[in-house]
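K.L.:
Listed here are the chains, written in short residue letters.
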Amino acid sequence: MSAGANKAGKRTGIEISLAISEAAKMARVDAVAAYPITPQTHVVEHLSELVASGELDAEYICVESEHSALSACIGTQAAGARTFTATSAQGLELMHEILYIAAGMRMPIVMAVANRALSAPLSIWNDHSDVMACRDTGWIQVFAENGQDAFDQVICAFRFGEDRRVQMPVMVNFDGFTLSHVVESVEFPAQELVDSYLPPYRPENTLHPDRPLTLGAFAMPEIYTETRMAHEAALLASRPVIDDAWAEWGKLTGRHYKAVETYRTEGAETLFVTMGGLSENAMEHVDAAREKGKKVGLVHIRLWRPFPIDEMRKVLCTAAHVVVMDRALPPGAHGGPVFTEVKSALYDQSRRPTVHGYIAGLGGRDVTPADFGTMYDLAMAAVKEGKKEEFRMIGVRS
Amino acid sequence: MSQSPLPFNYPLSTELYAPRLIPKDEFIVSGHRACQGCAEVLALRHALKALGPDTVVAMATGCMEIISSPLPTTAWAVPWIHVAFENAAAVGSGIEAGLKILRRKGRIPDKDVTVLACAGDGGTADIGLQALSGALERGHKMIYMCVDNEAYMNTGIQRSSATPFGASTTTSPAGKVSIGQATWKKNMAEIAAAHNIPYVATACSSYPLDIVEKMRKAKAADGPAYVHCLSVCPTGWRIPTEQAIRYGRLAVETCVFPLYEVVGGRYRITYKPEKKRPIGDYLKGQGRFRHLDEATIAKMQARIDEEWEKLQAKADRS
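Chains as they are written, first to last, in my numbering: chain E, 1 to 398; chain L, 1001 to 1318.
Only chain E is shown next, with the shape it has when bound in the complex:
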C-alpha cells in the first residue's frame, strides 16, 4: 500500500465520546475497568456495547467506584493486559490517590478524562478544575482540541505510554459536553494502519508465577528520594518518544501533532495561550482581530505534562505581551495553573513579554470568540496604564 493510500481513512460523523471508544477498540485494548460519570458516560457505554457485541475482545470490569476502577486497571495492567479507562471530575478526584500509584508503578494505562468542574456546588459542566487538581500525579497529560485530535491521541497515547523508554500512564483530556457530546467528522484509519503503528503490548514485568516479581514495595528514606527523581527523569525523557510517536502518526495519517501548536504567530505582538477545545474559539477571534489589523496570534498547548518549557519560551519570547486563559481557579494561588506555569517559565528570560492571566469558562460558562477580545482589551489597557495585573476572572456577573 502506498503512503497516499494509507492516508485515506474513512470519514464518519460521530459523537466524540464514541470516537474515543472506537479508538480504544482500534488499539485492541485487553481490559477496561470503569465507572460511569457524566459527561464520560457515552465513552463507557459504547465500550460496553463493543464488548457485548464481540467487536472488542476485552474484559470489561464494571467496578463499584472510580477508586476501584483505577485499582483494577493497575491489576489488569500488571497482569500484562493493555488497559483503558475513562472518567471525569468527582470520579477523577476519587481516583486521586491511585493516580500517583499508577504513575509511580509505571503502569501505562490510558485514561480519557471528560473534563468537568468540581463540586461544590455540584456542576456537571465543563472546565479544567478536575485535571488541574491532578497536575502533579506524574502522568503524561495531553489536551485534545477537537474530536479528531481526541481520537488520535488515544491511539498515540498507547504507543508512547507503553514504549519501554517511557512506561507511563497517559491522560487524554477532552472537554466535557463541548467536545464529549458533540458530533464531529472524524477520519478513522484502517485497522491495519493502527496495528502497524501500535504493536501488541509486550510488557517487561508482569505478574505471573513463571517469573515471580514483587511490585509496589515500600521505600525507606534512604531510597524514596531516588525513586521520585527517577520518575521525574523518566517523565522528562518521555518527550522525544512522544514527539517521535506523533511524527510517525503524522506520516501514516497526514495528521501532524506537536506539543505546542501555533496559529498565526508570525509577527504577532500579543499571543493568546489556551488549552483544550476553546482553542478553536480563540482561533476565530485571532482571525477577526487580524482582519482588523491587530497583531495577535495563538499558542495552543497540547502536551501539559511533561511541560514543553523550551518551545513555550521560544515562541512566547517573540511577543511583547502574552494573554493566558485558564479554565480552573486555584483559590488563593494568585492565578490559574497555566498562567503561573507560563509566568514561571518566562521569569528568567532576558527578553520577556508581559503576562496577563484570565480565568474563564468555569462550570460550563460559555467563552465566545468575543470574550478573547475582552481579554485582549483588558491586557492592553493594563499595559498602557503600566499596571501589573495579577489575574482576573472573565464573565463574572456583579
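None of these hints come from the bench; they were simulated from the model.
Heads up, some of the hints might be wrong.
To be verified - Quick list of in silico lysine to any residue cross-link-like pairs, SDA-like style, CA-CA up to 25 Å:
1) L:Lys1105 to E:Gly54
2) L:Lys1141 to E:Pro212
3) L:Lys1219 to E:Pro212
4) L:Lys1141 to E:Asp210
5) L:Lys1219 to E:Pro209
6) L:Lys1024 to E:Pro209
7) L:Lys1217 to E:Pro209
8) L:Lys1219 to E:Leu213
9) L:Lys1049 to E:Pro209
10) E:Lys258 to E:Ser185
11) E:Lys314 to E:Thr354
12) L:Lys1141 to E:Arg211
13) L:Lys1049 to L:Tyr1271
14) L:Lys1111 to E:Glu204
15) L:Lys1105 to E:Pro209
16) L:Lys1176 to L:Lys1299
17) L:Lys1105 to E:Val51
18) L:Lys1049 to E:Asp210
19) L:Lys1024 to E:Pro212
20) L:Lys1024 to E:Leu213
21) E:Lys251 to E:Glu184
22) L:Lys1024 to E:Asp210
23) L:Lys1141 to E:Val51
24) E:Lys294 to E:Ala370
What the hints assert, rightly or not - Some chain L residues close to chain E (C-beta under 10 Å, calculated; not the full set):
25) Trp1076
26) Trp1080
27) Val1083
28) Phe1085
29) Ala1088
30) Ala1097
31) Arg1104
C-beta: ideal position from N, C-alpha, C; glycine also.
Following the hints, complete the assembly by docking chain L onto the known chain E.
P.N.:
Same frame as chain E, now just chain L:
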C-alpha cells in the same frame, strides 16, 4: 517444656502427622520483619503453602505488606503486588480479569493461576469494605483472605470495626468513663456470605491444618471465596509472644471466634469444642482486656452465647 503444645482436645495423631500434612515449600520466606510471636504471618505462610506456587498475591497496605517488602528486598517467592490500603480486592479482581483475557488470547501460558487478595481487618472491614463487596458481587474467581488481628496494629493499635467489644486500643482506650471499644466486632464472614458466593470460611492462626484445608477449598471454589482468619497479635493484644498459639486456641474453645464454613449457602461448624470454655479463660492475661469488670464480662459472655446459638441453628438448618 512440660506443658504440651497442643493442650486442647486434639487427637494425638494430629501432633504426629501434622508436619507431613503441610507442604514444605515456602512462599513467604524468612528474613521478613514481623514482630516476635506474630501469628498473622504464620497464618499467611500456611495459606500460601495450601495455594502453591501458581499464585499471585494482591496485598493491601498493612502489617503483612510492610514486614515483607522494603525496597529493594522482598520476602515473596510468588508474584506479589501492593497498591494501596483499601483496594486489595479491586487490584486482585483486575489481576484475575487480566490473566483471564491474556490466557484466552494465548499471550500467557495456558495454566490455572490462583489470585489471592489479602488485607488486614482495617483494610477489609473498614476502608476496604466497598472494594471487597464490589469484587465479591462481580464474581471474580479469586480468594480474599482477611488476616484479622483486631485493630490497626501497623500504625500502633488503633481500633477498627473488627476490634472486639471491651478491648482497649490507642483510639478506644479504657478510662474512668470508658470500657474501651464500645461496639461489637463486625461480622465480616456473614457479610461475605450475604453476597451468596460459593465459599466462605473462618479460620484462626492457631489451626494451621484447618487453614490449609480451607484455603484448598477456597482455591477449588467456582467463584469468589472469602476466608476470615483471626490472627493473634501479641504486640497489640498485649500478651507474651510465646502465648500467641494458646490465645488463638482459646478464642475458638470459648466460641469467641468459631471456626465454620459456608459452602453454597450451607453452614458447617468445622470445629466444635467438646466443652465451651467461659470467656474469662480467653480474656485473662490479655492486656487489652485487663480493665474489664465482672458485669462487662458477663455481658460479653451473654453475647457470645447468643451468637454461638445462632450459628449452631444455622448449621443445624443446613
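K.L.:
State the violated hints by number, sorted upward, taking the hints as numbered earlier in the document.
P.N.:
none
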